[in-house]
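The primary structure of each chain is shown beneath.
Protein chains: 2
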Amino acid sequence: MNLRLQKLRKLMSEEKLDAVFISSLQNITYLSNFSGFTTEDRDAYLLITQKKQYFFTHEIYKEAVIKTVQGFAFIDIKREYPISSAIKTLVEKHRVRRLGFEDFDLKVSEYEQLTNQISKKILVAKDLIGILRIIKDQEEITAIRNACKLGDQAFTYICKQIKTGISEQELAIKLDFFIKLHGADTSFATIVAFDKNASMPHHVPTAAKLKKNSLVLFDFGVKLNDYCSDMTRTVFFGKATKKQKTVYETVFAAQNKAINLLKSFLINHKSPITASEIDKIAREHIIAQGFSPIPHSLGHGIGLNVHEFPRLSPISEEKLASGMVFSIEPGIYLPGEFGVRIEDLFAIKNNKLVQLTNAPKNLLEL
Amino acid sequence: MNLRLQKLRKLMSEEKLDAVFISSLQNITYLSNFSGFTTEDRDAYLLITQKKQYFFTHEIYKEAVIKTVQGFAFIDIKREYPISSAIKTLVEKHRVRRLGFEDFDLKVSEYEQLTNQISKKILVAKDLIGILRIIKDQEEITAIRNACKLGDQAFTYICKQIKTGISEQELAIKLDFFIKLHGADTSFATIVAFDKNASMPHHVPTAAKLKKNSLVLFDFGVKLNDYCSDMTRTVFFGKATKKQKTVYETVFAAQNKAINLLKSFLINHKSPITASEIDKIAREHIIAQGFSPIPHSLGHGIGLNVHEFPRLSPISEEKLASGMVFSIEPGIYLPGEFGVRIEDLFAIKNNKLVQLTNAPKNLLEL
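Going down the list, the protein sequences come from chains X and H.
Position in the first sequence (first residue = 1) + 9 = the numbering used here.
Position in the second sequence (first residue = 1) + 9 = the numbering used here.
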């Protein structure tokens, strides 16, 4: 019996939902273990009732899905029998009076089609699987750890490729290729940023060529067996300036303050700490040193998605607890000059903080 | 003056829309020329009124966007001032009484937030930019043609990498790497399928190793300067069986029938042909030879997205016209045995059919 389905059904009972309709690809993967769909098209949905689970897909995916997915009833969706009609049939068959759906994922047009077939009144926006996914099981933490290990290796590899004249794009390609050659994929578009490009947290690599005495920021992730890693390192090709060193040490100290607060809390307290408190200590350190506040959250949960719960942000109300996996990634950005970010992933396992990314993060002058 | 904005405003007048709210990334790229956002997060929106155009984004993207995008007013979106509040302010300022929005893209939760701020009554689901994007301008066709050229080169390259023992995954990686080394990206996850895996139109490459006398299907696309290519070739490593040859020739003939019907129509008729008629002639040829009907559409439009309008399907009501770019890709799939698909891209330019992908497609035994 699928343990995840069991947990979901327990939550469904608590929320008095007779069924849940699932449209988001990662939630489909989480419950069915199948991940072969493209994000661009809408080729799969699930319906979970207390007793049965249904997998809806197009004929072109059927052979692959049936091979991999066990314990689901398969229903073809076609133009003549769209998902809205399939849901109507099952809602009537199972007498569903409260149907959960994913309002964060479902498109307005899909919702309109659905509510042409079934009453709006039975639809309840609830992401129960999102709640389940915040707490990772042992298998998931291992999967993320393996993705992080490959990320560490990729970082070691890419540091050796840094040389005069190489472009951001070339370094990004080499990094991606290393990851793919090791049987994985990238979990998001790799960022490589030189000098002033590093002041843009989501910089897209350009043809800019590397000169001696430059800053190089790498922000990249590995997706291995569907689970994501994410790490950022800022290194120096040649010598760092005094200002760069100060900024680097400030970011590094901010990260350490967050890590140490969390560690001491886990050791000394039985009650959980709020994610916003971790964000706060790093944020305030950076401000206290005279720099602008971090223009993003200190960190984010990670798993099947690169960004998931918990959020480590000033307004986060989530408590950090065993089974959570998240990034801690302070940064300082000086437009027109440069930027520094250091990012690692952590898991809380049996009330202990475990660092999953382990690439060196002392100031590297290569 | 941005010609695309001009055309959009003309359509807005015709549809009596005072403004349009744009959330889909490709439509944002189409109007603003900026494509640096990730698909996972919602980091950008546009609002276009008859007189002004607004670009909403997060602080972390601001520096990059302002550098690239011209003629837009920039508005920061933050937790304290979400997009729904920004839209409310502008709807009031410009006295918008009918606001177009993209129901095919907007999430239900975003819609709910928006309608907490502005009346549902002013919202009108309309994809005006989708309508504009069906007809490509010269610059767009050139961009797609360039992507196709690189795709042709990638195919020539990958044919030389085919050898005993290489896996589907390794071939996919090599293909992707070739594309990236040439300054482009893949436009979707590359498909490499050997023998019976080729019977699944959306197969995900596996560690399966190539043996002599096997069928190899490649379906891949290049994304170059934001525009996509898409092509499929089925080749034979060693000898094709008699049955494989028959299937290949049937698919090839089906594609040619579709191409020739379209060509003769463009030469002989002034009035446009319906996309479904092109689908029909290929579909019927395959059925007439005793094979199962194609389990997908014969073709699809392509541009900033891999799949866009027009659709060449049995129920398509679109007329094919100058400026359209689309695939023609019949296939025969024999579960447990093998599959064959041949796919090329075509543009209609000044009422002439131009083939954009030009890799060889006679039956290749390598």
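If you're looking for bench data, these hints aren't it; they were derived computationally from the structure.
The structure displayed is predicted, hence computed values, not measured ones.
You may find that some hints are simply not true.
Identical chains blur together in the list; that is why a pair holds if it fits in one copy or across any two.
With a straight-line Cα cutoff of 20 Å, these simulated SDA-like cross-link-like pairs (lysine to any residue) come out [stated by the list, open to error]:
1. K97 with Q122
2. K189 with G174
3. K205 with T173
4. K358 with I140
5. K328 with D136
6. K116 with S128
7. K61 with T38
8. K16 with T283
9. K232 with D194
10. K252 with V133
11. K220 with H191
12. K220 with D194
13. K116 with G139
14. K158 with Y63
15. K87 with P323
16. K16 with Y63
17. K71 with S306
18. K135 with S331
19. K189 with Y166
Status of each hint after checking the structure:
Taking identical chains as interchangeable, the C-alpha atoms of K97 and Q122 lie at most 20 Å apart only when both belong to the same chain, with a minimum of 11 Å there against 27 Å between chains. Taking CA atoms no more than 20 Å apart as the test, K189 paired with G174 passes between copies only; the shortest distance there is 18 Å, against 24 Å inside one copy. Taking identical chains as interchangeable, the C-alpha atoms of K205 and T173 lie at most 20 Å apart only when both belong to the same chain, with a minimum of 17 Å there against 47 Å between chains. In this assembly of identical chains, K358 and I140 lie within 20 Å of each other by CA distance solely inside one copy; the values are 18 Å within and 52 Å between copies.
Within a single copy, K328 and D136 get their C-alpha atoms as close as 18 Å, which meets the 20 Å cut-off; across copies the closest is 41 Å, which misses it. In the homo-oligomer, the alpha carbons of K116 and S128 lie at most 20 Å apart both inside one protomer (17 Å) and across protomers (19 Å), since each shortest distance falls under that limit. For a Cα distance limit of 20 Å, the shortest separation of K61 from T38 inside one copy, 17 Å, qualifies, whereas the shortest one across copies, 43 Å, does not. Taking the closest pair of Cα atoms, K16 and T283 never come within 20 Å of each other, the shortest separation being 25 Å inside a single copy and 51 Å across copies.
For a Cα distance limit of 20 Å, the shortest separation of K232 from D194 qualifies both inside one copy, at 5 Å, and across copies, at 18 Å. Taking the shortest alpha-carbon separations for K252 and V133, neither the intra-copy value of 53 Å nor the inter-copy value of 53 Å comes in at or below 20 Å. In this assembly of identical chains, the alpha carbons of K220 and H191 never lie at most 20 Å apart, being 30 Å within a copy and 22 Å across copies at closest. In this assembly of identical chains, K220 and D194 lie within 20 Å of each other by CA distance neither inside one copy nor across copies; the values are 29 Å within and 25 Å between.
For a Cα distance limit of 20 Å, the shortest separation of K116 from G139 qualifies both inside one copy, at 18 Å, and across copies, at 16 Å. Taking CA atoms no more than 20 Å apart as the test, K158 paired with Y63 passes in neither setting, with 36 Å inside one copy and 43 Å between copies. Taking CA atoms no more than 20 Å apart as the test, K87 paired with P323 passes between copies only; the shortest distance there is 12 Å, against 45 Å inside one copy. Within a single copy, K16 and Y63 get their C-alpha atoms as close as 17 Å, which meets the 20 Å cut-off; across copies the closest is 45 Å, which misses it.
In this homomeric assembly, K71 and S306 come within 20 Å of each other (Cα to Cα) only across copies, at 16 Å, whereas the closest approach inside a single copy is 40 Å. Proximity of K135 and S331 under a CA criterion of 20 Å is satisfied in neither setting, with 23 Å inside one chain copy and 46 Å between copies. Taking the shortest alpha-carbon separations for K189 and Y166, both the intra-copy value of 13 Å and the inter-copy value of 18 Å come in at or below 20 Å.
In this structure, the hints that do not hold are numbers 8, 10, 11, 12, 14, 18, in rising order.
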